[in-house]
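Given next are the chains, with one letter for each unit.
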Amino acid sequence: ETGVTQTPRHLVMGMTNKKSLKCEQHLGHNAMYWYKQSAKKPLELMFVYSLEERVENNSVPSRFSPECPNSSHLFLHLHTLQPEDSALYLCASSQVGYNSPLHFGNGTRLTVT
Amino acid sequence: KQEVTQIPAALSVPEGENLVLNCSFTDSAIYNLQWFRQDPGKGLTSLLLIQSSQREQTSGRLNASLDKSSGRSTLYIAASQPGDSATYLCAVYSGSRLTFGEGTQLTVNP
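Listed in order, the protein sequences are those of chains A and B.
Mapping to my numbering: the first sequence position 19 is 19, numbers consecutive.
Mapping to my numbering: the second sequence position 29 is 1029, numbers consecutive.
Because the hints were derived from the structure by calculation, they are not lab data.
Check each hint, because a few of them may be wrong.
[Stated by the list, open to error] Here are the in silico distance ranges between beta carbons for each label pair: (1) B:D1027 x A:G14: 20 to 30 angstroms; (2) B:E1056 x A:H77: 35 to 45 angstroms; (3) B:R1097 x A:E67: 19 to 29 angstroms; (4) B:K1042 x A:E84: 16 to 26 angstroms.
Quick reminder that beta carbons are idealized off the backbone N, C-alpha and C, glycines included.
All chains, full assembly: derive it from the sequences and hints.
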């Protein structure tokens, strides 16, 4: 496989469930990102990992917990979510540095009931 | 705080037409500007990246320009095709993050 792969593609969960989103990149990149895309709103940066260290946490509620065990894998652990958390969650990767373009996965469509 | 605006929000054109998508940003202290394409239910695909020192970038039928001083960029698509139908997003890298616009939804009719 090549590129950035996200699983699952779709997820429906109740407000009391615990679930995890997974992202894997096969591009040899050393920075990974979580973005949230809601209808009629710009993409919102959630977390950035650079060289496996979290370098940005964009005021995201603690019910979202990221994990980056190595430079190829990124997880987003979900717990006690709210219906307004329903959105498309996109993972991206790049080389460290601002002139490296981001490569995105196809996202996980999350619905919280 | 950087803000990115894209006009129009939606655009419908007949096949073969040349078209321009617009992007404006409020803080001109940027490192680069990027254009992405997003198909329904999919992630974003990087189209073009213009560094702050550059004026334009070209890839096939796409040409992106950057006027940093006025806070504007345009994406020109030549000889549009139905396969170009998608949402086009502009993003600027400033400070330590990439800020996205809301996108322009393009429909090219056969």
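Going down the list of hints, with the structure as the test:
1. At about 41 angstroms, the CB distance of D1027 (chain B) to G14 (chain A) disagrees with the hint of 20 to 30 angstroms.
2. The supplied range of 35 to 45 angstroms is met by E1056 (chain B) and H77 (chain A), whose beta-carbon atoms lie about 43 angstroms from each other.
3. For the pair R1097 (chain B) and E67 (chain A), the beta carbons lie near 21 angstroms from each other, so the given range of 19 to 29 angstroms is met.
4. A hinted range of 16 to 26 angstroms holds for the C-beta pair K1042 (chain B) and E84 (chain A), which are about 23 angstroms apart.
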